[in-house]
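Visitor: The primary structure of each chain is shown beneath.
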Amino acid sequence: MSSIIKIILFLLYLLTISFDIKYLKSIKRSEKIILLSLNLFVLSFMVMRYLYTDIPMPLDFFINHVSPWIHKWAHSEN
Amino acid sequence: MDQRQIISPSQLSWLATVIIFTSSQTFFPREALYISGHNGWIAYTIPLIYALCITYIFYELSKRFPEKNIFEISQQILGKVMGGIINFIIIAYIWISLMRNIAILTAFMDSSILISTPIYIIGIIIILMFIYYGKMSYEVSARVNELTFLLFIGMAFTMPLMLIGDIQFERLLPILAKGVDGFVKSNTLTIGWFGDIFILGAFLHALSVPKQIHAAIRFGLINATFILTLVMALTITVLGPNIGSKATYPIYLLAEQIHFTDFLERLEIIMVTAYTFSFMLNMIFMFIAGLIGLSSYTNRKDYRIYSTSVGWFLYMFKVLSFSSITELYIFSSYSSVVITLGLQVPVLIILFAFSRRKKFKKKQSNIVKKEHRYAGNWRWSTNLLILSCVLFILFGILFGRLYSICGLIAGIGFALCLTGALLTSFMEMIKCNKLRQNKT
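Sequence lines, in order, name chains Z and L.
The numbers in our numbering rise by one with no breaks, and the one at position 19 of the first sequence is 19.
In our numbering, each residue carries its 1-based index in the second sequence increased by 1000.
The following block holds chain Z by itself, in its conformation from the complex:
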């Protein structure tokens, strides 16, 4: 993914998020916290992706440890 595409994605993200600003006035504090934390995750993921930083993801455990174990069982000859 080139840098230009990443910037376009970021702008698209900002555009879609801007449509939700109207809801912010009418929602509860707990809902604001959920939304803020979700968007913080998205922004931090985007920055890390832009900087080509590897982030350990929860699914890596399944891909690297669980799947080979099940694969070994499924393809073993009895």
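Everything labelled a hint here was simulated from the structure, so no lab data went into it.
Where is the CB? At the ideal position from N, CA and C, for every residue including glycine.
Warning: the hint list may mix true and false statements.
One side of the interface only, derived from the structure: several residues of chain L facing chain Z at Cβ under 10 Å [stated by the list, open to error]: (1) E1031; (2) Y1034; (3) I1035; (4) P1118; (5) I1124; (6) K1185; (7) K1301; (8) R1304; (9) V1310; (10) Y1315; (11) F1317; (12) L1320; (13) I1330; (14) S1333; (15) V1337; (16) I1339.
Please build the complex by placing chain L on the supplied structure of chain Z, with the hints as guidance.
Guide: Quick look at chain L alone, frame taken from chain Z:
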């Protein structure tokens, strides 16, 4: 958005079929054919029973807590803190399955119909569509599914006719002569895909009659199993187990074999389009289920406010989780079953056990108790036919290796019982649709 959204039993049933069929039809047939060879068509029997057990638990829950979804039920049964933890597990399961499905569909579209389009553009298109549908009522998605389902089911049921010239029945022989090993392994791996039916727990409040929920999901499941078995049998008879187990997308390869005349070509494009629409609707419902779960933390019925943020969160999570199609393949083929059993089974056991406490039992109304016996003949016929399917397979596995005729009898018996179960479950759903009609 209306606070009360309603979907009909038939819409719920089509939804169950689409959820089970679409996600398991990309990578899984290859794995089933690799493990079970020409007996790959038996890979859906045990998962069907597992999914029927989930449906039964949903039915019991909706009987005690009518017009409430699984998130509301868990908070009511277990309290705010424990209920919140259980809801977090359910949301995590839904989002993991959704990310897997987004990655599968983008990979499939990238290598079949949108070859020149960059994969992240396909991903963005899918996510923007989720955000759009996430801002609407799920009644809209259910109606769209009703429209595309016709095309999808029409294609699935006419496939044997369209491929009749290429079918070689001898490729299925000797039936069930490979022993129990392939049966156990392929069925275990398929549970990972059939577990997707769990997301329907988020829509239990959309129907007010528990019996209708039960009958609709049961028919949807048996319908999906029937189509999956049919398509798998076609893959074996047309492509053969060797080619099927080596192709990345055996179903796409199967659709490519359809040739009517010289001027009616590329029918696979129409089929893939119908399949893609259905797959997207499957994911839209998963997305909305996740949104409903998230909004349950703040007791808000309107889930629209989370649509954009969750959409982008899932996109970034998906991009960072699967760096190649190999990672996606090994994750979806082998880890799905561990995630499904590891997350679903404890949640279902806890909810089922705690919902049977006396204080919740009192809530059951007399109408619901009476409705339990409604269409009982059809329900028991379906159960017996499914049991017969399992018994025929066991008979074939035990004796098919020694006497090929036993395998053949088992195969024919299984096909007849599954078709019978499809008909009886359909009749049960039709009968249950009439429940409480006079009162509405």
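Visitor: Against chain Z, is V1337 (chain L) within 10 Å by beta-carbon distance?
Guide: holds (7 Å)
Visitor: Using the nearest Cβ pair, does I1339 (chain L) come within less than 10 Å of chain Z?
Guide: holds (7 Å)
Visitor: Double-check Y1315 (chain L) for me: the hint is only fine if its C-beta lies closer than 10 Å to a C-beta in chain Z.
Guide: Status holds, d = 8 Å.
Visitor: Is the shortest C-beta separation between S1333 (chain L) and chain Z less than 10 Å?
Guide: holds (8 Å)
Visitor: Taking 10 Å as the limit, does the beta-carbon of P1118 (chain L) come near enough to a beta-carbon in chain Z?
Guide: P1118 (chain L) check passes; min Cβ-Cβ to chain Z is 8 Å, inside 10 Å.
Visitor: Given I1035 (chain L) as an interface hint, is its Cβ closer than 10 Å to any Cβ of chain Z?
Guide: Holds, about 6 Å.
Visitor: Given I1124 (chain L) as an interface hint, is the shortest Cβ-Cβ distance to chain Z below 10 Å?
Guide: holds (7 Å)
Visitor: Have a go at the I1330 (chain L) hint: is there a Cβ in chain Z nearer than 10 Å to its own Cβ?
Guide: holds (4 Å)
Visitor: Answer holds if the nearest beta-carbon of chain Z is closer than 10 Å to that of R1304 (chain L); otherwise answer violated.
Guide: holds (8 Å)
Visitor: Does Y1034 (chain L) pass the interface check with chain Z, least Cβ-Cβ distance below 10 Å?
Guide: Holds - the Cβ of Y1034 (chain L) comes within 10 Å of chain Z, reaching about 8 Å at its closest.
Visitor: Answer holds if the nearest beta-carbon of chain Z is closer than 10 Å to that of L1320 (chain L); otherwise answer violated.
Guide: holds (5 Å)
Visitor: So, K1185 (chain L) near chain Z? Judge it on the closest CB pair being under 10 Å.
Guide: holds (5 Å)
Hint compliance for this structure: hint 7 alone is broken.
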